[in-house]
Amino acid sequence: MPLIRDGAEAEDTWTFINEGDLPSSGCITVPLAKLTEESETLLARNQQIGVRLEPADDPYDLTPFLDRIAMIEIDFPKYTDGRGYSQAQLLRRRLGYTGELRAVGHVLRDQILYMNRSGFDAYQTSRADLPNVVQALEEYSAFYQPAADGQTSVFTRRHTKA
Amino acid sequence: MYRYDEFDAKIVKERVDQFRGQVERRLSGEILEDEFKPLRLQNGVYLQLHAYMLRVAIPYGQLNAARMRKLSKIARDYDRGYGHMTTRQNIQYNWVALKDIPDVLAELAEVEMHAIQTSGNCIRNVTSDHFAGATIDEIMDPRPWCEIIRQWSTFHPEFAFLPRKFKIAVTAAEHDRAAIRVHDIGLHMRERDGVVGFEVHVGGVQGRTPIIAALVNEFVPETEILDYLEAIMRVYNRFGRRDNKYKARIKILVTETGAEEFTRLVEEEYAAQQVSEKIALPQAEIDRINAYFAPPAFEEKSETSEAFERAKIADAAFANWAKINLHPHKAPGYTSVTISLKPIGGLAGDATDSQMTVMAHLAETYGFDDIRVTHAQNVVLPHVALDDLYDVYRELDAAGLTTANESLITDMIVCPGLDYCNLANARSIPVGQEIQKVFSDPDYEQDIGKLHINISGCINACGHHHVGHIGILGVDRKGEEYYQISLGGRADEKAAVGQIIGKALRHEEVPGAVKTIVDTYRDLRTNSDEKFIDAVERVGVEPFQEAIYATD
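First to last, the protein sequences are chains A and B. Going left to right, the first sequence walks through residues -14 to 147 as our numbering numbers them. Going left to right, the second sequence walks through residues 8 to 559 as our numbering numbers them.
Derived by calculation from the structure, the hints in this document are not laboratory data. One or more of the hints may lead you astray.
Said to hold, decoys possible - Stretch-level coverage of chain B by chain A, calculated; a stretch enters the list once three of its residues show a Cβ under 8 Å from a Cβ in chain A:
(1) 39 to 46
(2) 239 to 253
(3) 286 to 294
C-beta: ideal position from N, C-alpha, C; glycine also.
The following block holds chain B by itself, in its conformation from the complex:
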């Protein structure tokens, strides 16, 4: 994991002091709320329905035990004993007092954390594959470049007042778990003739009008990527629309200008850069940052573990959990563990302060001090020896953290919705909980297989409903909550926007409709290996439409 040097530490400390001054000037009335807004936003502070919300950055989702313990302490001391993991691998606190926020930031700085640029119309937290550095299907570890991009984008003086927020995601694995094609810039790491570089996708987005990103450049070598990003950002900052907040994302610039013309503008700006304008990242700096991400000292182990096999035979619940929540690791005898934060009937992505402490302890004891937050709002221990897995499981189980549903239907992405958010039109959390109850029988759920349900409480799409295999969008109809259902969306390397299947349904109709969709799939799948999303791709949405609406 990256560790701050004197520069990083100083910059974050200076930020705390700066924000403390800004809060003092706001509380004294010296600056107005309207002028304070961009300052607090660039520090992750939102004014929400009930209180200020603080969003803390977890760069590319990476934590360690010390950081997790600090997040736990903040939940206990300044919030109501929990935190909420977000789809951008960050954590949010919903009940923090404005006057306390400078102190919270000072505490975060102690463990090399901050809330810089977690909101506002600037470059946001860089996200990545939550299995980075552990998974067998990556060509390299994308985190060093995430860190370089984090630093480059931090307080970038030219790009702090963009037309709209700006999100960058990086992956280096063929199977895209970072949803890079629905980001403003999605970078896929490639290797060409021994040179590391990036495939550059621009203009993807969720939100009101979802768009899959356009491929703007097939290969930008790593030594040029920051300069190339500057060119994209400058074209966007100069020419992106500012007349309408809903047309201000870079996707609109790309679609209105045309992907080809947009690419030409970027290439022209890039070609015009003079030597004196280049970032000139020293190779020694690339090497320095890479060194922080060297693989941990894995022991030499065989592929299988006797202890693990024995425990599975002895404990059926453990065997079931291990079947669902593990991901193949590049080192023999190790695995990556997903800790689901989606218990049936719970609040998606929420962790209590004591649960955070348990996860910190496990990472430290068994997991090379490494923890990740996933964009599906779960937590991952990326490096656990199979030999230790049963110990890890028992400790997790005692903390209520062994829900066995990773990537299954009850592992939903759910935005806070009308219960917390002042943008929302409808509630999301209760809908998710009611759907979970329909599928709470593990045999039924596992028979369905991998299926992503994503729920958003409004068209801003924080719950990523467009790219859910089943997407659910809350809408307001004359003060009543209705829900629009779409099918066939996906966020991976075959990214697609789901198709709306018919008129919106009343709240109480939604769980039944989802069950109808799922049972229709079970009837029409060619065999139990055909996943839901593949079946939808094969047959289209009609059979599902018919099943739901035919009886009307």
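Extracted from the complex, chain A is given alone in its bound form:
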């Protein structure tokens, strides 16, 4: 499935392993429960490891692993389920996660700007009419509230000399 990272099409080197045996090589993501239960084995692998969060998962459960994982995928089973935005904000702003944060699942063009502002930097989307998707990130030039993208809020910009 097409992948957009940092605003451009990118190659996807990650595989999600829901259950069953792990491949002997390659970068993998696993469900949160698997990571917490088998963390020693998983983190001992030579390859990079990541995790996939479902909407009900608590990002705080990742606290002990955050400096040892290179990828967090946040799943949007339906685009209308907005829990992933809070998970992303918590990971980026409160828990200090700096690795790749990827939106997977029902990811649509018109949600990507909100995702980007919430701290995502990669999107796996089946609707990758790419120039159009990248445009979505540029539709607004100012934002009222601070978020995980580090943009200065309009509230503050109004009182800062350019």
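Starting from the known structure of chain A, arrange chain B on it as the hints suggest.
Chain B in isolation, oriented as in the chain A frame:
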């Protein structure tokens, strides 16, 4: 009134361009209706029975002449010559073509208006007291904070796909005209030791299972309120139910978790916020927004006006209207005028394009360019000098806008019902009109005094029937319209949900039943000062039940 700066203007313009692109992609088939739905909804576009409906935001109900003229022009050019004021202080157009909506939004942007977040599962238009900045019973003007909350909630990236819609109301007056206790978040402005802050109520709602909000915090200082709201929103976004649309409002989270535990979750999330996560609203920004709401330059006047007194003696109809439709103003010699959009037999909340033009002209000429839409679906000119009142009245009268029924029994809240809405089970408008006819004698109506009838055509309660002193709910019984009547509901500072009094009645029985209720009240009230709602509170619903159902 707040005016857009370069940032506000740019954001709204960018929204118009964005939506134009979305509509183009929809019309070309590039995106499916299912994917288009959340996009159009966050722009106030509903697919209704007959056509697309466009709901335009009127933040905290505030308009000026230029905005009202634009609303009038849109009604004329893109609709069938009228607009419908809603219970959330917005305006709806029922007959707009989808292809025209980007142009309508572009026209709105010219007068600093938009349709952002007027629907969808996001933070909706912030509502407030329609007499804000004018009434004698407020401790301060709540509108600056409504505006700050409007901006903060606009395109908030974390809270655009909440479990369900989310409504915030703010008041600063002891008598609550903003119905804050039946909102998802109700904020009551308070002052403590010279610090401005908010009493925070969460989880109120109308809808299927009405609930009065829980008091979650008695005082959050103004400098912390946005961060506190973020904490509430995050707890709701993470833990609110998403498995059942009818259990997805924040009230369910509050009641199922328990108000105490919910409060603990909010406080915990709030305490965990790091400095880098705070909104850090600059004091200069609070001051900047406050400055837009400085009181107009009222002239020094005496409490009474000779011209006003003379006109009342000369014109009995004017005197009658002035007795009913005025609200005390904080400046001597001024008053707030309610323009009732509830003529007998009319469509509650509807205004024609020419009526809108008249209201715009009056606001500009006599009213410091200020107009409000009320949650009871009327319009208010908040600042009119008593000296000018008769001129205002005559112009209103020529436009059919002097119905003298503010807060009386014929001033009903009525949802569009089955005549327009595809959620409804029953018609609301004709029921309201038939009840109005029963009480069309002004002496009879005024003898009854303040009485709110609220009518909804289905359990979604857009007509606020739960909090009507008399609530009427349309239900469908095997294809026939029936109406359930409740008594004792109220939306003010003593907010309560009405009690259903018995089996649902057939359409044609409703006006008679309402008359029976009213006449029962007139018989049992202690004196003419005891209001209907107070009498119901004193005697309970039994005497009314007996009067309606005893003969069965």
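How does the coverage statement for the segment 239 to 253 of chain B fare against chain A, requiring three or more residues with Cβ below 8 Å from a Cβ of that chain? holds (count 4)
Count the residues of the segment 39 to 46 of chain B with a beta-carbon closer than 8 Å to any beta-carbon of chain A: does the count reach three? Held - the segment 39 to 46 of chain B has 3 residues with a Cβ nearer than 8 Å to chain A, which meets the minimum of three.
Test coverage of the segment 286 to 294 of chain B by chain A using CB-CB distances below 8 Å; three residues minimum. holds (count 6)
The structure shown violates none of the earlier numbered hints.
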